[in-house]
Every structure is written in structure tokens, then in C-alpha cells.
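> Going down the list, the sequences are from chains C and S. Counting from 1, position 107 in the first sequence corresponds to residue 116 in my numbering; the numbering is continuous, with no gaps. Counting from 1, position 114 in the second sequence corresponds to residue 119 in my numbering; the numbering is continuous, with no gaps.
Be aware that one or more of the hints could be misleading.
To be clear about the criterion: a stretch of chain C counts as covered by chain S if any three or more of its residues have a C-beta under 8 Å from a C-beta of chain S, and this derived list gives those stretches [stated by the list, open to error]:
{"no.": "1", "stretch": "20–34"}
{"no.": "2", "stretch": "134–144"}
Here are the simulated DSS-like pairs of lysine-lysine, each with C-alpha atoms no more than 25 Å apart in a straight line [claimed, not checked]:
{"no.": "3", "chain 1": "C", "residue 1": "K111", "chain 2": "S", "residue 2": "K128"}
{"no.": "4", "chain 1": "S", "residue 1": "K99", "chain 2": "S", "residue 2": "K128"}
{"no.": "5", "chain 1": "S", "residue 1": "K112", "chain 2": "C", "residue 2": "K47"}
Simulated from the structure, these hints should not be mistaken for lab results. Glycine is no exception: its CB is placed at the ideal position from the N, C-alpha and C atoms.
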Amino acid sequence: MPIVRRKETKELEIPTDSVSDIAFLLIIFFILTTTLSKLSGFTAELPSADASQKQAAKTDAKTPSVQLAGGKLLFNEQEVSLQTLQDRLLDLRLGSKDGEEKVVLLEAGGKVEYQTYYAAMAAISTAGGVVAIVEEE
Amino acid sequence: MKLHKSRRVALTVPLASMGDIAFLLTIFFLLTSNFAKDDTRNITPPTATQLAELEKQNISVSIDADGGIFFNGRPVGSPGVIEAGVAGFLVGKKEPQDRMVVFRCDKAVDQNVFEPVLAAISKAGGVIAAVGEKSKP
Chain C
10 MPIVRRKETK ELEIPTDSVS DIAFLLIIFF ILTTTLSKLS GFTAELPSAD ASQKQAAKTD
70 AKTPSVQLAG GKLLFNEQEV SLQTLQDRLL DLRLGSKDGE EKVVLLEAGG KVEYQTYYAA
130 MAAISTAGGV VAIVEEE
Chain S
6 MKLHKSRRVA LTVPLASMGD IAFLLTIFFL LTSNFAKDDT RNITPPTATQ LAELEKQNIS
66 VSIDADGGIF FNGRPVGSPG VIEAGVAGFL VGKKEPQDRM VVFRCDKAVD QNVFEPVLAA
126 ISKAGGVIAA VGEKSKP
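Extracted from the complex, chain C is given alone in its bound form (with noise of 0.2 Å):
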């Protein structure tokens, strides 16, 4: 009589115990390694309204100005390109002025995006220069 053995049947398991410590780590290490986002962007300290409206009495022929209308771009009235008005405010040098010799007018005339007087602010500011907006009347 063949004797008949019974097949023990193993039950498979996948340790969980470390899941927990496994998940920690996967934290700590998201945490560590992420790089949070930066803000770029530039400074204006913009002259207030009554500043500004000395200013336009003082202004002359030499203040510096610079006009979007149009999808043009001018700078003492004669079209340029950006590159060619960031040049130029460079070779103006108002980083080293003082006061009033830093103003350059930024005039905006019709229907002008954020885009367009963005970049003429960014390259007033970075130049050295202080931005006075001459408002339309």
C-alpha cells in the first residue's frame, strides 16, 4: 500500500516590515534633492506721482527718453532695436550718476503689451537707470 504523502504547500509572502522605513527614506531623500523655484526678474523704484511730476517739469531736451508705440521701439525718438537701446543706455552709464541724471522717460503710446514694456523697463534698470512713466493725458 503506497503511502501517500501529503505536499505541503508554502505559502509565499513578501516581507513588508522595511515598507515603512523604505517610504521615509524616498521623503527625506524628495526632500533634500529638490530644487525649489526661483523668481528672476529686476527692481524699479518708480518716482511717485508727485516726484514725478517735478520731474517732467525739470526734464529737457537731454533727459533720455524712450517711447513704445506702435510695435515700434524708440529712443530719443529714432527707431532701434532692443539690443540696440540696451547699448545704448549702457554707454549712458547712469549707474554712476546721481539723482535726477539717472531718469530715463519710458512713454507708452496706444496699445502696448506687457511684453514690450517689460523688456524697455529691463533694460532701463539694468543699465542703472530709473524709470519715470510719462502717463498719457
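Since chain C is already given, all that's left is putting chain S on it; use the hints.
Frame of chain C, contents of chain S only:
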């Protein structure tokens, strides 16, 4: 007389769900750790070639692509509210670095929308930190 042996029950803390708890905590803190102050989902920032890194400030003013104006993430109706809000935050602050106001605006917004907001910030005494993206020259 029957004597009952006191059965000592081994106290075990079930650790099977520790991994699930860890991941749930992770997801919770990832989602809630940075409460967004600004709704920047509908703002495409302008680009400029020369931009510097800006520090995050407590005051932010945003204008989205639809022309909606936001002060610290909350929608406002007019630039006058911006001026009052910024002035309130800047009470007693004299140094330029303490008067920074982060300004975000969609690059396609018209001049009639953003210019009054810029004027309002400057009237309140704020120094504008205009946010943009760096573009290749």
C-alpha cells in the same frame, strides 16, 4: 477545582499598514506645505535677457491673461485697492529692500490695465520687483 492558567497574550502592534500611513502623510504634507499666494496658472510671464534673482516677498500683485487683478492671491476690483493694500503693508518700512512688491503680469496684457497698477504700487511707496523669465540674447 479547576485552576485556570492565565494566558499571557503577547501585545503586538500591527505594522502592516505603516507603509500606507507613511505615503498618506507624505502626500498630505506635499499638497499642503506651500499655500499658493498667487494664482499664477493663467499668467505667462514676459521674457528679458538680463534678469537677476529676486527674493520672495510678502506682498505680491498679479495680473492674469484675462486682466484680472490679484493682491496676495485675492482678486481686487481696481488699482485703488492695490494702492491701499500695499500702503497698509508698508507702514513704517523705509528701506527699499523692505518695500519690495512682487509684480507678476501676463505678457499679453494691455497697457491700460497694467500701467495704473504700476502707478498704484509706486504711489503707495512700493519698490516693484517685476517677475519675468530669462531669455537667450
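> So which of those numbered hints doesn't the model satisfy?
none
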